[in-house]
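Asker: Numbering of the sequence shown is given in our numbering, commencing with residue 1 and proceeding in unit increments.
Possibly wrong hints are sitting among the right ones.
[As the list claims (entries may be wrong)] Restraint-style ranges between C-beta atoms, simulated for each label pair: (1) TRP25 - LEU48: 31 to 39 Å; (2) ARG54 - LYS31: 29 to 37 Å; (3) LEU52 - LYS31: 30 to 38 Å; (4) LYS31 - THR51: 16 to 24 Å; (5) LEU52 - PRO12: 30 to 38 Å.
To be clear, the hints were calculated from the coordinates, so they are not data collected in a lab. Even for Gly, the Cβ is constructed at its ideal location relative to N, Cα and C.
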Amino acid sequence: MKTKWQRIRSNPRDAILTGISGLIWVWVLLKFPILAWSIFGLAIAAGLFATLTRHK
């Protein structure tokens with residue numbers, strides 16, 4: 001299983017998309033910090049929930 005960085009190294013288009021999404025994320029974080037943090041919190045909660053349910 002490839003990691004995110006290995007996939008980016010082998011595919012330049014993925015690197016560009018990651019860079020764009022990173023810039024969008026930074027802009028959202030600066031423009032709407034509360035919204036950004038709530039999305040971030042939801043993402044972490046969803047990730048934790050998925051991990052916990054997968055292990056059972």
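Asker: Against this structure, judge whether each hint is valid.
Answerer: Against the structure, the hints come out as follows:
1. TRP25 - LEU48: 31 to 39 Å: violated (20 Å)
2. ARG54 - LYS31: 29 to 37 Å: Given about 34 Å between the Cβ atoms, the range holds.
3. LEU52 - LYS31: 30 to 38 Å: holds (33 Å)
4. LYS31 - THR51: 16 to 24 Å: For LYS31 and THR51 the Cβ distance comes to about 30 Å; the hint is violated.
5. LEU52 - PRO12: 30 to 38 Å: Check passed, 36 Å falls within 30 to 38 Å.
Consistency with the previously given hints fails for numbers 1, 4, ordered from lowest to highest.
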